[in-house]
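Residues per chain are reported as follows:
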Amino acid sequence: MYAFEIERPTTLDAAKAAIADGGQALSGGQTLIPTLKARLADPEKLVSLHNIPELKGISTDGDGRICIKGATVHRAVADGASGYPALASLAARIGDPAVRTRGTIGGSLANNDPSACYPAGVLASGAVIVTDRREIAADDYFLGMFDTALDEGEIIIEVKFPVPQVACYEKFIQPASRFPLVAVFVAKFADGVRVAITGASGEGVFRWTAAEEALSANFTPEALDGIAMDSSPMIADLHGDKAYRAHLCSVMAKRAVKNAK
Amino acid sequence: MPKDSGIGASSKRREDVRFLTGTGNYTDDINIYGQLHVHFLRADVAHAVLNGVDTSAAEGMPGVQRIFTGADFEAVGSIPCGWLITDRHGDPMQEPRHPVLAHGKIRHVGEPICAVVADTLAQARDAAEAIVLDYDALPAVIDMKDAIGADAPKVHDDLTGNLCYDWGFVEENRQAVDDAIKGAAHVTTLELVNNRLIANPMEPRVAVGEYNRADDFHTLHTTSQNPHVIRLLMGAFVLGIPEHKLRVVAPDVGGGFGTKIFHYQEEAFVTFAAKALNRPVKWTSTRSEAFMSDAHGRDHVTKIELALDAENNFVAVRTETYANMGAYLSTFASCTPTWLHGTLMAGNYKTPHIYVNVKAVFTNTVPVDAYRGAGRPEATFQLERVIDMAAHELGVDPIALRRQNFITEFPYATPVAVEYDTGDYHATMDKLIDIADFAGFDARRAESEAKGKLRGLGVNCYIEACGIAPSNLVGQLGARAGLYDAATVRVNATGSISVMVGAHSHGQGHETSFPQVISEMIGIPEDQIDIVHGDTSKIPFGMGTYGSRSLAVCGSAMVRAAEKVINKAKKIAAHLMEASEGDIELKDGRFSVAGTDKSVAWGDVTLAAYVPHNYPLTDIEPGLEETAFYDPANFTYPSGAYSCEVELDPETGHVKIERFCAADDFGNIINPMIVSGQVHGGIAQGIGQAMMEGCAYDSDGQLLSASYMDYAMPRAGDVPFYTVDHSCQTPCTHNPLGVKGCGEAGAIGSPPSLVNAVLDAINSGPGKKVAHINMPLTPSRVWAAMQ
Ligand SMILES: Cc1cc2nc3c(=O)[nH]c(=O)nc-3n(C[C@H](O)[C@H](O)[C@H](O)COP(=O)(O)OP(=O)(O)OC[C@H]3O[C@@H](n4cnc5c(N)ncnc54)[C@H](O)[C@@H]3O)c2cc1C
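Chains D and F, in that order, are what the protein sequence lines are. Throughout, my numbering is defined as the position within the first sequence, counted from one, plus 21. Throughout, my numbering is defined as the position within the second sequence, counted from one, plus 6.
FYI, nobody ran anything at the bench for these hints, they're computed from the structure. Any given hint might turn out to be false.
[What the hints assert, rightly or not] One side only, chain D facing chain F, incomplete, derived with CB under 7 Å:
id, residue
1, Ala244
2, Gly247
3, Leu259
4, Tyr265
5, Val272
[Unchecked claim] Restricting the straight-line Cα-Cα distance to at most 27 Å, the calculated cross-link-like pairs of lysine-lysine (DSSO-like) are:
id, chain 1, residue 1, chain 2, residue 2
6, D, Lys263, F, Lys774
7, D, Lys282, D, Lys209
8, D, Lys263, F, Lys544
9, F, Lys9, D, Lys279
10, F, Lys151, F, Lys111
11, F, Lys544, F, Lys570
12, F, Lys593, F, Lys604
13, D, Lys282, F, Lys662
14, F, Lys774, F, Lys662
15, D, Lys263, F, Lys593
16, D, Lys279, F, Lys662
17, D, Lys263, F, Lys662
[What the hints assert, rightly or not] Label-pair distances were calculated between CB atoms; the ranges are:
id, chain 1, residue 1, chain 2, residue 2, range
18, D, Leu61, F, Asp724, 21 to 31 Å
19, F, Lys774, D, Asp251, 22 to 32 Å
20, D, Ala41, F, Asp163, 52 to 62 Å
Here a beta-carbon is modelled for each residue, glycine too, at the ideal position from N, C-alpha and C.
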């Protein structure tokens with residue numbers, strides 16, 4: 022770690038000011054702190070979002086959307102998002118109890134790890150990311166590995182999830198990190214099915230549109246028979262080659278359809 | 007009735023009170039007034055000519071006391087290898103110099119190049135970033151077979167090539183083995199990789215050096231399994247410090263698994279720098295450093311052939327193994343793939359002809375050395391896998407094939423130079439079949455199949471050699487140290503006892519189990535007895551803990567010392583009771599005169615020894631303290647039969663371990679609970695090796711599995727509830743306790759049954775048949791093999 026200063030504001034306005042002043046947001050620290058320890062980042066000032074009540078909590082809005090504030094920890098979502106069981110189940114399977122007690126939805130989405138869980142839930146739900154400046158549709162938010170539509174210093178305040186009729190998140194873990202090796206979130210809405218996949222592609226989370234079309238017509242695992250996943254954009258590493266990941270996309274998607282509730 | 011104390015009791019581990027309440031004293035807990043911190047700048051290339059190191063910008067940075075480079079260690083000795091191997095042609099192995107800090111050349115990623123000593127660790131790290139290295143990268147040699155090719159770059163320019171030795175064992179058997187294989191009815195051949203592992207003890211390595219100028223005295227606090235071995239190697243071979251000026255302390259150590267046996271550069275560095283700077287110097291490894299500087303384990307590439315006659319009797323075994331040494335020879339690197347591996351190739355079977363060839367190879371990787379089991383897991387894996395493969399090829403039951411070839415008469419001299427004293431391999435197999443409920447397997451398989459899963463059952467046997475070993479024998483084989491152990495039993499005036507032992511406990515529970523033995527011998531409560539270990543200034547010269555030797559070797563020394571104490575105490579008791587020494591009996595902490603009602607308590611006798619008012623001073627000395635050194639007559643040979651049942655998801659290749667059963671013969675047992683714990687831990691590591699753990703380098707020598715993001719360690723949820731049984735007991739015939747050692751069995755005995763089970767599951771399905779998969783059997787590998 023290099024030396025840095027830290028501010029712990031208690032209001033969103035104070036946090037905005039501190040970040041505008043060159044600070045970097047620190048939420049659960051489950052990604053940022055290990056990065057600092059390895060001396061891979063050298064921020065002068067961190068601005069903790071941990072003590073800001075406005076950034077915490079889960080509610081339901083007038084459109085029936087589940088709204089999760091940016092600094093809400095995974096554990097709170099696992100316990101509190103009962104209106105959207107598949108999302109609560111996703112949060113309950115991130116990392117381990119320590120990670121879930123500190124890590125937050127805003128931090129996860131700002132980081133956009135190509136193997137993170139939340140991006141799949143957000144994209145498959147067609148959620149809206151609310152920042153201190155604007156609202157960003159999920160389809161416009163994820164721009165590739167560790168890349169998002171957020172501008173410098175932009176803060177995620179809230180994420181609004183439309184609740185599907187049924188949904189399921191199927192996560193096949195990478196044995197070492199326990200992040201997804203491939204995970205698929207399937208969400209069935211009245212107007213169609215959305216399928217988002219994380220862990221598989223070097224470009225980060227993506228929608229599997231061929232599967233969406235098939236499932237919108239026929240929401241059964243068999244509907245996915247014969248729909249091949251292109252393996253060329255897949256990640257190849259110690260834990261699985263491209264062909265294996267492409268295969269898992271299909272297996273996990275079918276299981277998600279089968280288990281959707 | 008289970009006993010509640012003494013030999014055979016499951017006494018609770020007393021050391022756990024401090025470990026579980028955060029009151030242990032680990033090396034990193036040691037902070038000495040005025041101490042400085044060192045940060046090592048480590049190589050990020052695998053192979054390079056190091057032209058120079060420019061430390062000028064770093065020297066003046068805040069807090070920097072001094073920056074050391076390889077040049078500072080030119081006059082210092084090489085980090086030594088503890089075992090000289092003589093090759094097939096009678097020549098000594100090639101032994102490269104192993105510098106404390108890289109000098110002239112960089113040979114693996116993680117090799118220390120500079121050491122920055124500063125007031126704080128952060129200052130040392132800051133300054134290290136300002137050091138400029140001038141080097142020319144060279145092509146790296148990573149693959150062992152490439153490394154011994156004609157044009158391979160040399161890891162060490164002054165050696166003839168990258169072959170450390172080409173060992174044949176037993177060389178004289180070679181022709182007979184070749185002939186037996188030629189004439190055999192069936193030969194099964196298996197080529198396999200025994201995967202490279204990173205030990206990952208929970209506590210990383212730490213070293214704190216201290217120097218007292220007034221009496222020219224050095225102290226090294228270090229995370230070691232064997233403080234006397236470190237004192238010997240570092241004092242005599244590296245820094246030239248005489249024993250009486252060097253104390254090595256290994257306090258609480260949070261797991262070793264072999265990787266803390268060895269003498270490492272960082273230990274020599276802090277000891278050297280403490281004197282150079284006249285200040286204590288501390289180093290604590292980060293987890294990232296541990297991945298690239300702790301000696302790795304295993305890493306063999308093997309071809310094994312098993313020849314059988316027409317009746318399925320084993321007639322010959324021939325192996326050819328490439329063993330990775332890494333860039334330098336670590337302390338026991340040379341003996342692990344030879345004497346700890348070749349001697350085990352008979353396994354539990356009466357194969358008459360065996361020949362083992364091992365080529366040890368230098369590569370641009372971290373040094374490789376002993377890891378839990380050390381050589382014996384590699385031997386067991388290839389043998390037990392090839393037997394299973396032969397059974398499938400011949401269409402016979404793998405258990406029946408094993409039984410048919412079991413050694414049944416003891417002592418048994420193998421064709422690979424060792425003599426098993428006792429064992430009963432049918433008994434452990436019978437026990438296994440019973441505890442594992444083989445009879446119910448078909449029903450369980452049907453249940454799995456109904457869920458779309460495949461179920462497999464795998465079995466194997468193992469034999470291991472523990473309690474290394476007779477010093478005169480290992481001396482002939484090339485060991486550069488004796489392998490006895492030592493204990494001092496110090497009885498205090500009021501009768502309580504401190505036992506100073508050469509063995510070191512870093513998870514084994516010696517502080518609990520050793521007092522059980524003394525308690526049994528004397529008949530005083532266990533809590534009257536304490537074990538002292540881990541400090542060369544307090545304990546006699548023993549060789550430490552590895553190779554499941556603590557109880558068999560050091561425990562035997564302790565018994566001998568206690569016997570001497572008891573004999574002397576009997577003389578004192580005879581005097582006190584005015585009886586003849588020959589009539590004195592010791593039972594339940596009282597001395598009595600046979601055939602009379604006269605008796606004195608243990609405490610009365612010990613008090614007399616230290617307050618010798620009424621005492622035979624002309625015949626015996628006051629005091630009650632005895633030391634014994636014990637050099638074993640042979641290895642001990644624990645053995646057993648293991649089984650594993652897995653459920654495989656054919657769609658993903660994911661394997662769930664449903665059951666794991668172990669029937670072991672460890673001879674006599676002091677504390678059954680501790681023995682079970684040792685077996686559990688060993689199996690967990692075997693599961694790690696077989697299913698999850700794989701150290702990987704890319705072709706440039708970059709470590710790909712350099713953190714827990716990519717190196718998979720087993721967690722509680724990855725392992726099943728174990729069924730372990732150690733009721734089959736054939737006591738060791740040559741040590742006083744009849745004990746054999748249990749620390750490594752689980753890690754040695756478990757990988758073959760895991761792999762055998764997965765293959766059984768795959769081959770029970772409708773798909774492609776698979777003969778072998780290399781470990782670790784990750785989901786992606788299993789799935790790929792099935793396609
Ligand atoms: C052992 C372990 C296992 C894990 N396993 C998983 C897993 O299985 N699945 C998974 O998805 N994740 C996993 N994670 C990651 C975890 O979910 C992290 O919590 C998450 O990625 C980052 O969230 P955080 O709140 O900790 O963010 P931080 O680490 O505090 O910050 C991460 C980044 O986001 C920025 N940031 C934080 N909050 C905001 C905000 N509100 N607005 C804008 N920018 C912000 C920070 O400046 C920083 O750049 C794991 C982590 C660990 C340590």
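Taking the hints in turn, this is what the structure says about them:
no.: 1; hint: Ala244; in the structure: violated, 17 Å
no.: 2; hint: Gly247; in the structure: violated, 16 Å
no.: 3; hint: Leu259; in the structure: holds, 6 Å
no.: 4; hint: Tyr265; in the structure: holds, 5 Å
no.: 5; hint: Val272; in the structure: holds, 5 Å
no.: 6; hint: Lys263(D) - Lys774(F); in the structure: holds, 21 Å
no.: 7; hint: Lys282(D) - Lys209(D); in the structure: holds, 10 Å
no.: 8; hint: Lys263(D) - Lys544(F); in the structure: violated, 59 Å
no.: 9; hint: Lys9(F) - Lys279(D); in the structure: violated, 55 Å
no.: 10; hint: Lys151(F) - Lys111(F); in the structure: holds, 23 Å
no.: 11; hint: Lys544(F) - Lys570(F); in the structure: holds, 20 Å
no.: 12; hint: Lys593(F) - Lys604(F); in the structure: holds, 13 Å
no.: 13; hint: Lys282(D) - Lys662(F); in the structure: holds, 26 Å
no.: 14; hint: Lys774(F) - Lys662(F); in the structure: holds, 20 Å
no.: 15; hint: Lys263(D) - Lys593(F); in the structure: violated, 71 Å
no.: 16; hint: Lys279(D) - Lys662(F); in the structure: holds, 22 Å
no.: 17; hint: Lys263(D) - Lys662(F); in the structure: holds, 24 Å
no.: 18; hint: Leu61(D) - Asp724(F): 21 to 31 Å; in the structure: holds, 29 Å
no.: 19; hint: Lys774(F) - Asp251(D): 22 to 32 Å; in the structure: holds, 25 Å
no.: 20; hint: Ala41(D) - Asp163(F): 52 to 62 Å; in the structure: holds, 58 Å
Hints 1, 2, 8, 9 and 15, counting from the list given before, are not met by this structure.
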